[in-house]
Amino acid sequence: MMPTKLHPALIGFTVLVFIFLVGPLVIVVGSALSDTTYLTFPPQGLSLRWFQNIFEIDAFRRTILTSLQVAVISTFVALIIGIPASYAMSRYRIQLPRWLSTLFILPVLVPELVLGFSLLKNLAFQFNAPIYLSLIIGHTILILPYVIRVISASLASFDFSIEEAAISLGSPPLKTFFTVLLPNVRSGVIAAFILAFITSVNDVSISIFLTGPGISTLPIQLLAHMEQFFDPTVASVSVMLMVLTVAVMAIVERTLGLTFLAK
Amino acid sequence: MTKPLSIRNITAHYGQTKVLEDLSLDIGEGELVSLLGASGCGKTTTLRLVAGFLQPTSGTITLGGKDLTRLPAHQRDIGLVFQNYALFPHLSVADNVGFGLKQRGVSGADKTKRVNAMLERVGLAHLAERLPGALSGGQKQRVALARALVIEPQLLMFDEPLSNLDAKLRVDMRVEIRQLQRANGTTSVYVTHDQEEAFSISDRVAIMHAGKIMQLDTPENLYQRPANAFVARFVGFENLVSMKVVARDGAQVTAEAAGGVKLTLGLEHFGEIPDAFVLACRADGLSVTDNMAVEGIPTTLGLRTYLGRAYQYQSETAAGTLVANGPLSRPLEPGSAAKLVPVPDQCTILAME
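Sequence lines, in order, name chains U and A. With this note's numbering applied, the first sequence corresponds to residues 67 to 329, in that order. With this note's numbering applied, the second sequence corresponds to residues 25 to 377, in that order.
Bound conformation, chain A alone (with noise of 0.2 Å):
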């Protein structure tokens, strides 16, 4: 019932505007996959072209070997979730999820019995007889969920489905959405501004940005271990630094900055670390302190700012502006001189661009 897409070098444009250029992406059968990354970046119309709202300029869309590519979208067979719910303001909650079924030719007491169950699922049985406009947002989206399972449909789609709740509902959402997709095992696209929310609810996430997706990998490996600048910046290494490795010795390997700044990077912890390379740290991964005798980057602090949890910097060395975090319990004044020092479990390598 649920198949594997995969989507081969599409290239799409709104009128002369290229807004997706040679995009590939396969997703596992059951696996749910995110399209992450800010407005424009390409994730809805990925979405509407596989969905057969819009047609790509060249290449194909394969549903479980099927071509969908020149497929009309009421054939595709796929669930929606839309941001604004999308439900059917004239009919109840029932004729609501009924409707997919009522398409497919399911009617009578087999209709009633699988919507019934499916309302039972998703906690709304007892709406069954209302209009959507008597219900609150998430009771809402709990429908537009269940609308579009109901048909068992080869791929379910979500468009941005939480934007519209309210922070605590979105995260209750989130982890129900995540359950009855993986209770269906249904291969699911969900497409998301929201980097917790992506994180928190995929199997893998896709990185996008201009039209392109600019890394493919789990949570995980995004978050510690991105793989070019972009990505690094998205998910919040605030400090890259370039530099030039000038000796290397057994696991050690010494490195040069902007400015003559000398680094030491173990190898256990960074792996292979090329010639060329740009460290990237978390404000969390460089640490403020006034002991001056500590090997790390020089410094003058700038702005203090309180985080609850530490006090971050603005602080200028030689290799630019560099964002650090120090302990609460010795606050430094802005004006100092002090020393950053890498934190290697909150530092990555990134190769040179």
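Extracted from the complex, chain U is given alone in its bound form (with noise of 0.2 Å):
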């Protein structure tokens, strides 16, 4: 058999999407390594103050915090939501209309500008919400539709029938769910919880509506930052949100999957 041969053009193809996509990585990376207080690439020298500008800078301080809080609860609030609503859909699938899993995609349709501002109207000024919920509420919002997508896509592949054998066995219901179900859509759960944290953490659109005075996330603070700076500390905040996001992926492979093969 001949050995199948590369298309030089489908090598020169490959090489140029990877360029595209790891290109910006290494330009914000370069740049935040910088010694100049400019944003430059190629850098100029090489030192890490702008690193250490981000924390001597209380605002950053404070909304690295705020955005942490809020991606994580919102995230948990959102799969608390969504892995019930997940399993309600793919279990019953047949049962129920066909437009119901749609509903649960529609946030994403709608432009998250128009989402913010609706949060806005409704829960800062209608009800009088605290920030801090508002934003929580928003970002659930945000990320919900992402976590029903995902987990409902492991589900997919799930077949119910393990469920009924667990039940045949003696194990009700509910624990069923949680000893059988959860740990083989784990996958999924995980690959959920990344997404969400990750959006929620990235999100301007839905935050710049309800931060407000005390209270801001860190890409709102990136923005409010770059209206006055332009010094390579918005890049050193990117590198560190990249570097953050590797991190919280990691422990949650790591600990989720321990958890579940301790059984």
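Please note: incorrect hints may appear among the correct ones.
Covered by chain U, according to a simulated footprint, are these stretches of chain A (three or more residues, beta-carbon under 8 Å) [stated by the list, open to error]:
hint : region
1    : 95-106
2    : 111-117
3    : 124-135
Keep in mind that the hints were calculated from the coordinates and are not lab data. None of these values were measured; they are calculated from a predicted model. Beta carbons: idealized from backbone N, C-alpha and C, even for Gly.
Join the two chains, each given in its own frame, into one complex according to the hints.
Below is the structure:
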């Protein structure tokens, strides 16, 4: 048999795509390490002082914390709502109307700015909800469709007769959900967690309406910072966000993975 | 430990559709009864009702005298073996088998001992630590069987357990299932659409159609003495000919079919023959001969097919198209005239419906 030879054009194309994907990351990381007081690439001189700068500015310290809290809480809320919802839609797919699953995806179709604005108008003005609570509600609405989508996808390959097998062996339905179903959609839950967390941490369009005096999220603070300064802090915050995200992914994978392995 | 099952006047609906109608079925202690029928006949619905995954519209289900009808599925103490095995993918073979014991509060050395003994019996002791994903289809079904048997349930139910296996393995496994079931003496319900499988494994078989049991009997009786036209067709009586008795003479009865065809039937083979009846014959039960002097159904032979053990003919007769077999030694040409002679022990008599 002839070994399959890659077409040179295909190799070229792949390299281009790769550059297109990785290029911006290289530029951001490079800029963050620059010793200059303005954003530049390639970096001139190497320095970590812009990373240090993040923690010297009080607003960054506070917003990082807020962003993490909002992301963790809204992700958990979204999972608590999303897992049972996905389960119900997969388990009773035949009995339930088909538009129901579309309904849960709808928030994605609404421009986030509109969502943010309507939340501002209703939650913040009408009900006078605290900023922190409004942020969590807004982020939960934003990430719920992703959670449902990802978990439904992993439930699609789940064989529900496994659940019946467990019940027939004497395991009550609720217990079966935790001991049999959840461990088998673990990868979906992890993926949903990561996707939801990242979406929340990076969100601008909803947060911009819901943040207010004293409480802001990191991306909003970044915007505010950029309006006044053009130093590499912006780049170093981005790098930090990337590292943070990878760390979260690693932690989630590790902890959830180990918990379930130890059954 | 094992109990007789009694299903009384069960009617069940899916939404507005009636899937079971006034179904009753009694299974004795230690007996294996198969529910046999085409898809949609209600056999799986019956199983799911007994398992507790569906609720009947009316009727009762009792196991050993205890009413199960409203009992939640996880309290029924019934072992289930599924078509697609339904093993827990995240648990090892040993943990799969031990799952039911754990629910019953059996743990530690006692659990390990029972799991190992059961794995030994199904010949999988060496795979105890494997995950189900690393097993072959036959091994998976053995694990599923072990998992259902180890809890020593009052009732064992099989839902087409062998239909995902290849033909050779299917035969081996059904022998194995039967031996294990016999050894444990567990009352069992076995759902299948495979007639050979049902007949070979069961004490009795219920042939189902459109939500009803058409006949419940031993495999031998079903095969040789079907109670009605549906069951007769199901077990391979291809030719059903309506007849009327025109003369009775001691042990001989002369009957006439449409088109004036007359046949003489002996009571020693058919027992009592009512005045109007249906003569049911397998293809082997109508022997094709070109000897026009014998008594038989006159025919014009149609398409001839080679079966290996015989030639089969689509035969046009005054009583309709019949399927009949003729000897390999004398292949007859399509279009030629012949006679179809009933072979008594391959034919049976049905009451007119």
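Hint by hint, here is what the structure shows:
no.	hint	in the structure
1	95-106	holds (count 10)
2	111-117	holds (count 5)
3	124-135	holds (count 3)
This entry satisfies every hint, going by the numbered hints stated previously.
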